[in-house]
Amino acid sequence: MSGVERRVRRIAIFGKSHELWPVAALLAKDLPADIELIVAEDGRPVDPAAVAIRLDDVFLARLGIGPEQLRMADSAIFSLGIELQGWQGDGSQYFLTGSGSLPAILDIPIHQIMLRAALAYNQPDRFAYLYQPFRLPARAMEAGRFGLQSADPRSPQSMLRPTVQIDRADYVSLLRNSVMSGRSEIVEARPTAIEISAADQSIDRIALDSGQAIEADFYIDVSGALASLTNAFSRSDWNSFAEGLPFNRITSARGAELPSGTERHFVAQAFKGGLTISTPLRDRFIEQHLYASSLLTGDEERKLAGRGANVAPFEPGYIRQPWIGNFVRLGSASASFGPFLSADMKLLQHQAMILVDHLPTRSNMKVEAREYNRRHLIAAEQLRDFVLLPFALNRRNDAPWCRIQDDGMPESLIRKIDQFRSRGRFVAYDGEMFDEQSWIDLMIGFDLVPDRVDPMALSLDMTDMARRLKNLSRAFDQALAAMSSNEDVRP
Amino acid sequence: MVGEVVIVGGGTAGWMTAAALSRKLAGTGTKIKLVESAEIGTVGVGEATLPQIRDFNRMLDIDEAQLMARTSATIKLGIEFRDWGRTSDQYIHPFGVHGETIGPADFHHYWIKENATADAGDFGRYCLAIAAARSQHFALPPDNPPSPLQAYSYAFQFDASLYAAFLADYAAKRGVERIEGKVVTVDTDGESGFIQSITLESGQLISGELFIDCSGFRGLLIEQEMETGFDDWSDYLPCNRAFAVPCKIVDPVGPYTRSTARAAGWQWRIPLQHRIGNGLVYCNRYMSDQDAVDMLMASLEGEAIAEPKQLFFRTGKRKKLWNRNCVAIGLSGGFLEPLESTSIDLIQSGILNLIALFPEKQCSASDVDEYNRLMDLEFDRVRDFLMLHYVLNQREEPFWRDMRNIGRPDSLSEKIEAFKRRAIVPQYDHGLFQPASWLSVFIGQNLLPETYDLRVDAMSDEDRTGHLERILSSVESNVGRMPEHLAFIRKYRASFAGAQGGQT
Chain A
1 MSGVERRVRR
11 IAIFGKSHEL
21 WPVAALLAKD
31 LPADIELIVA
41 EDGRPVDPAA
51 VAIRLDDVFL
61 ARLGIGPEQL
71 RMADSAIFSL
81 GIELQGWQGD
91 GSQYFLTGSG
101 SLPAILDIPI
111 HQIMLRAALA
121 YNQPDRFAYL
131 YQPFRLPARA
141 MEAGRFGLQS
151 ADPRSPQSML
161 RPTVQIDRAD
171 YVSLLRNSVM
181 SGRSEIVEAR
191 PTAIEISAAD
201 QSIDRIALDS
211 GQAIEADFYI
221 DVSGALASLT
231 NAFSRSDWNS
241 FAEGLPFNRI
251 TSARGAELPS
261 GTERHFVAQA
271 FKGGLTISTP
281 LRDRFIEQHL
291 YASSLLTGDE
301 ERKLAGRGAN
311 VAPFEPGYIR
321 QPWIGNFVRL
331 GSASASFGPF
341 LSADMKLLQH
351 QAMILVDHLP
361 TRSNMKVEAR
371 EYNRRHLIAA
381 EQLRDFVLLP
391 FALNRRNDAP
401 WCRIQDDGMP
411 ESLIRKIDQF
421 RSRGRFVAYD
431 GEMFDEQSWI
441 DLMIGFDLVP
451 DRVDPMALSL
461 DMTDMARRLK
471 NLSRAFDQAL
481 AAMSSNEDVR
491 P
Chain B
1001 MVGEVVIVGG
1011 GTAGWMTAAA
1021 LSRKLAGTGT
1031 KIKLVESAEI
1041 GTVGVGEATL
1051 PQIRDFNRML
1061 DIDEAQLMAR
1071 TSATIKLGIE
1081 FRDWGRTSDQ
1091 YIHPFGVHGE
1101 TIGPADFHHY
1111 WIKENATADA
1121 GDFGRYCLAI
1131 AAARSQHFAL
1141 PPDNPPSPLQ
1151 AYSYAFQFDA
1161 SLYAAFLADY
1171 AAKRGVERIE
1181 GKVVTVDTDG
1191 ESGFIQSITL
1201 ESGQLISGEL
1211 FIDCSGFRGL
1221 LIEQEMETGF
1231 DDWSDYLPCN
1241 RAFAVPCKIV
1251 DPVGPYTRST
1261 ARAAGWQWRI
1271 PLQHRIGNGL
1281 VYCNRYMSDQ
1291 DAVDMLMASL
1301 EGEAIAEPKQ
1311 LFFRTGKRKK
1321 LWNRNCVAIG
1331 LSGGFLEPLE
1341 STSIDLIQSG
1351 ILNLIALFPE
1361 KQCSASDVDE
1371 YNRLMDLEFD
1381 RVRDFLMLHY
1391 VLNQREEPFW
1401 RDMRNIGRPD
1411 SLSEKIEAFK
1421 RRAIVPQYDH
1431 GLFQPASWLS
1441 VFIGQNLLPE
1451 TYDLRVDAMS
1461 DEDRTGHLER
1471 ILSSVESNVG
1481 RMPEHLAFIR
1491 KYRASFAGAQ
1501 GGQT
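Heads up: the protein sequence lines correspond to chains A and B, in order.
Using the working numbering, read the first sequence as starting at 1 and increasing by one per residue.
Using the working numbering, read the second sequence as starting at 1001 and increasing by one per residue.
Read the hints as simulated data drawn from the structure, not as lab findings.
It should be emphasised that the depicted structure is a prediction, and the values quoted were computed from it without experimental measurement.
Please note: incorrect hints may appear among the correct ones.
Said to hold, decoys possible - 30 Å max Cα-Cα, derived DSS-like pairs, lysine-lysine:
#1 B:K1319 x B:K1182
#2 B:K1491 x B:K1173
#3 B:K1248 x B:K1031
#4 A:K29 x B:K1420
#5 B:K1420 x A:K366
From just these sequences and the hints, can you work out the full model?
This is the structure we're talking about:
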């Protein structure tokens, strides 16, 4: 890399299939013919997992994958969100959905109006109840209804943000097939050695267990195999958020039993010591557990994992500088968020888009690296904050849940919670990855009642508001009644 | 919540604040008082605005045509920069985008490649707002543009003092009490440091719970009383003086503001319906006051209709724009030279953030901190964008040579390097200037990237050229369908009061 700058001609990507293909698919789609893409796939089996991906995810749009193609994929079913069970004590239930923004009334958000009503009657505990009629996607989910997002912004159904739930292996297969039709060179092998230039610490060459070697201008590691071969890329900048997500083990298993007709969405169930994430798919179940091993007995741990399930360590966090020299780390090579909210896949896909937008053109890629690292950090912190929000607001009284405190959370999330708690205001940062409405709904649903109404809401004529809100609620009721039942739309 | 708001200072900032609060707090019982003195002149910042002013007017339910008639406004589609790169260069920073999506990479990457291999034509030709501005045409943008190419916005060039008067009427109708007088003392609570009242020269005591300092540069409350402190940015933006003078209109006025680089600063030209506002911003270390005023007066295109007025300023901002129960809005909060017409917009940001965080009587620390965080971000990003114009110059005068090498924040250096190396354009959600703005200045001031997004090479040369030609053709045909700027003003019933031949 020293001396005269070379043009980037060869890009090599290494990793396990579940992380490799989302990135390789996007690369293969847009690279010009004179750039060679070498895909080195570690073909060893990976733990079972399911992912939920919004149908309107930009990543899918960039690959040209639409709902019909997803509907045809093995194991895929559509859903409106995820159900959180037991997070506010055993027996509690909350439906977390993607959602378009609720229409404001005279520029005042509806939650502020309902807050004013609740506080006016000195019944702050009824705030969430009063607000619930306006959560159309959540109500539809709870009622076992389903609908695609309407393109008509006046339609209540424009608020829906459906997801596809799919076995990660099937999803990856779909992406892999899109690459297979291209011109990439695919090698099934694992890296065994790495040669690093003494001059500038860039990677010169990668040896594979097949006896081959790969020389490229730019190296992408999505599963951590390359980084583990050398101390040159230490994780000294690892940023842990284990304080907010206090689990250290993860298990995964694929169940053969068929889900019932009404079982249609991800369920994340809190229990003493951990969290179970179960995902019904078209012809199977996938179940994953995150737990704190120190809080379970050996028997409890064995029972939880079940026979045949893999137990792996879990350490939530991310690195801050994943791109150094001519080497970039994505996916589990750069971060670990776990299966809750399909966070690992969401980050990987986001990283893939950032990377493709900032691919290096020459051997000196300092500028691209800096920009990629900056955007990666924004994405990782956005994702971290949303994943941590229900943990920060949980109301369980057993460990480790009861030990998770607001003040152990990142400052950016604390500001979001504080501003909402203080006055019901949503704080937005650059590069928000989640819907504003989802943040607001989740905070209200987890009983975060603002101390006071926004002063602007005090200017409203509440008699007139009652009429307007009734009309809106009626429109939502009608939209809900017109939606299909889950059974009717099952692929 | 706060029941009594006292705004100190009229002018643009004071009356914009009063109008907005009177609208948004209507029905809450909050009383709003504005104290101003006819003896204290206003600076009358900013005659040119940014498109965000339309959101502000919409929030107030103001009819645009009426506003234009009352403020002698013309339309603004962007700012023309002359001589900022090399002498004789010119480009327009538009209120619209360049080109449209033709592949996975952003449009400018395709233009950069085309430009490197063939004659792609001026980058500005791919922007409808620029083409319209250059040909002095204008039509209201479509609500739902059929293509991004047809998406643009507009702002106004108006008489800021008339805008303030217009808003004063608006606020008075909504219950704002105007009190004439000079503030002579400020009383604060010994324990909290909160302002409790102000006393006027007449002896009248005015108490309040929230005080908004719109007193201008002196910062009567935020600085003189609360000693908040000032972040001096003179090392980044050293211009510190200006002369302003209006002149008669000679030629038909176009829908854009002009900024022309001069030997040690720059000169603005803002056409209104009845006159042209002119001013020269300069640094006194490089140019004497006499030279500055001579240069300004010699370059007026029409007869001056007032004596030139000198302004003194220091670039920077208060360390906290909200301190205890005092919020500084307008020049009392900070000053950034009006190169990109940001003065009124910074007022607007201050007001909107205040509305979003309108406090309880005790002004909670979380609201204050959040307000200051948002405003700091806004000021920092505007500062970087203004500096960009200076550091990218290729002129030879001592002032400009020094500006090329001036110490700059890392945040700006990295943006410049990213564009120079790889055509990466700054992008953020919170801040005034979006990629189209940065692109205008980068390319307009001759910073052409060394490389571009490699995905551009996936498109054949023939296809790329075809797309670019189609876009040019589309821009030209769309401009051809627009009426002339002055015809639009007349048709819009905005009571165009000027003339095309120099009448006032």
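task = May I ask which of the numbered hints given earlier this structure violates, with the numbers listed in increasing order?
result = Going through the list in order, the structure violates hint 3 alone and respects the others.
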